[in-house]
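Residue numbers (our numbering), protein chains in the order written: chain A, 300 to 494; chain B, 300 to 494.
No wet-lab data here; the hints were simulated from the structure. Just so you know, nobody snuck in bad clues.
If chains are identical, the list can't say which one is meant, so a pair holds when it fits in one copy or spans any two.
List of simulated lysine-lysine pairs, DSBU-like, C-alpha gap at most 35 angstroms:
id, residue 1, residue 2
1, K483, K304
2, K410, K483
3, K312, K410
4, K304, K380
5, K342, K312
6, K467, K418
7, K342, K418
8, K304, K467
9, K394, K410
10, K467, K410
11, K467, K312
12, K394, K320
All values reported here derive from a predicted model rather than from experimental measurement.
Protein chains: 2
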Amino acid sequence: MQLLKDRIRRDGKVREGNVLKVDSFLNHQMDTALFREMGREFKRRFEGEGVNKILTIEASGIGIACAVAEEFGVPVVFAKKTKTKNIAGDVYTVKVESFTHGTVYDVIVAKEFLGSGDKVLLIDDFLANGNALEGLAELVQAAGAELVGAGIAIEKGFQSGGDMIRRKGIHLESLAIIESMDEKTGEIVFREDQK
Amino acid sequence: MQLLKDRIRRDGKVREGNVLKVDSFLNHQMDTALFREMGREFKRRFEGEGVNKILTIEASGIGIACAVAEEFGVPVVFAKKTKTKNIAGDVYTVKVESFTHGTVYDVIVAKEFLGSGDKVLLIDDFLANGNALEGLAELVQAAGAELVGAGIAIEKGFQSGGDMIRRKGIHLESLAIIESMDEKTGEIVFREDQK
Numbered sequence: 300m301q302l303l304k305d306r307i308r309r310d311g312k313v314r315e316g317n318v319l320k321v322d323s324f325l326n327h328q329m330d331t332a333l334f335r336e337m338g339r340e341f342k343r344r345f346e347g348e349g350v351n352k353i354l355t356i357e358a359s360g361i362g363i364a365c366a367v368a369e370e371f372g373v374p375v376v377f378a379k380k381t382k383t384k385n386i387a388g389d390v391y392t393v394k395v396e397s398f399t400h401g402t403v404y405d406v407i408v409a410k411e412f413l414g415s416g417d418k419v420l421l422i423d424d425f426l427a428n429g430n431a432l433e434g435l436a437e438l439v440q441a442a443g444a445e446l447v448g449a450g451i452a453i454e455k456g457f458q459s460g461g462d463m464i465r466r467k468g469i470h471l472e473s474l475a476i477i478e479s480m481d482e483k484t485g486e487i488v489f490r491e492d493q494k
Numbered sequence: 300m301q302l303l304k305d306r307i308r309r310d311g312k313v314r315e316g317n318v319l320k321v322d323s324f325l326n327h328q329m330d331t332a333l334f335r336e337m338g339r340e341f342k343r344r345f346e347g348e349g350v351n352k353i354l355t356i357e358a359s360g361i362g363i364a365c366a367v368a369e370e371f372g373v374p375v376v377f378a379k380k381t382k383t384k385n386i387a388g389d390v391y392t393v394k395v396e397s398f399t400h401g402t403v404y405d406v407i408v409a410k411e412f413l414g415s416g417d418k419v420l421l422i423d424d425f426l427a428n429g430n431a432l433e434g435l436a437e438l439v440q441a442a443g444a445e446l447v448g449a450g451i452a453i454e455k456g457f458q459s460g461g462d463m464i465r466r467k468g469i470h471l472e473s474l475a476i477i478e479s480m481d482e483k484t485g486e487i488v489f490r491e492d493q494k
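Pulled out of the complex, with its shape left as it was, chain A reads as follows (with noise of 0.2 angstroms):
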């Protein structure tokens, strides 16, 4: 999606360790216009396949998860990475390791609102080494639900998370994907869209 390459362009940061700060526009403060068009992007990319919830994970993919369900007219359901006083023990449970914090959490969803009948979108804002993406599609498989696809904001095509998505035949849809960057000279380099 050009829209966002361009964006990561001027507004990302490279910073060592690979860590790509876009946390002016996409996961601190957050540009909703640019969520809007994502959502209308994802919208067309999975159009006509049945999708009747988004399903994402805090904190970060929740505003454009948000996006996407209103172009789509669906509910959207965060799972949540601890368990709190306000959900009883009716719930999915998947362990994910955080690129980003270096540690192992629980990742919830209350049974009552993923079931068989549910056709599911994923939504996130990144994808690198896919643990996050992966416990998601582990939640709906729990929940006799089926899986539509995963729509990504920016995949980081360095990194082996898309490549494990994809094997296991799941449709993943990256908005973005990176195909190098460099620190020094903050270079980026994108895979070319295959649309």
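Start from chain A and add chain B according to the hints.
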């Protein structure tokens, strides 16, 4: 806001310990069409006050805040509850006690996204004891930004947060104020709309 009150009456569940579960449409599963209407309502209530930034706190405030931000055509920043590897030291920090989790945590916002030129509207899903909202107001103050007001989806009028925030002279607009609720009968009584 009648639409929200009707939805709370229909789908909200009163639980022991003054817990109101609205996770089927507000803070686990999210109804983005409802969020859109809430965004429009907050726009009406804070129209003409020069809002140029929305500030919320992860995670359940993000969806509503994005809808509000899109209505105003301004960016939204979500304050984060822990320090991540992706954020350098250049942050404002406050400590907040969580009613839901019974813990104290740091809330941070990067200095580059909140500053003296900003006229900030705070948005959150719940107001109970007001700790989170007070923390956000302190972040605005620390940044030298101007606090326009605070927009809340559901205020628990029988807890002290709303009064505390209003006593500080903050323009607080809650779309539904719960006067009382009964965990045995499930009855929910709303405060009359001021508008």
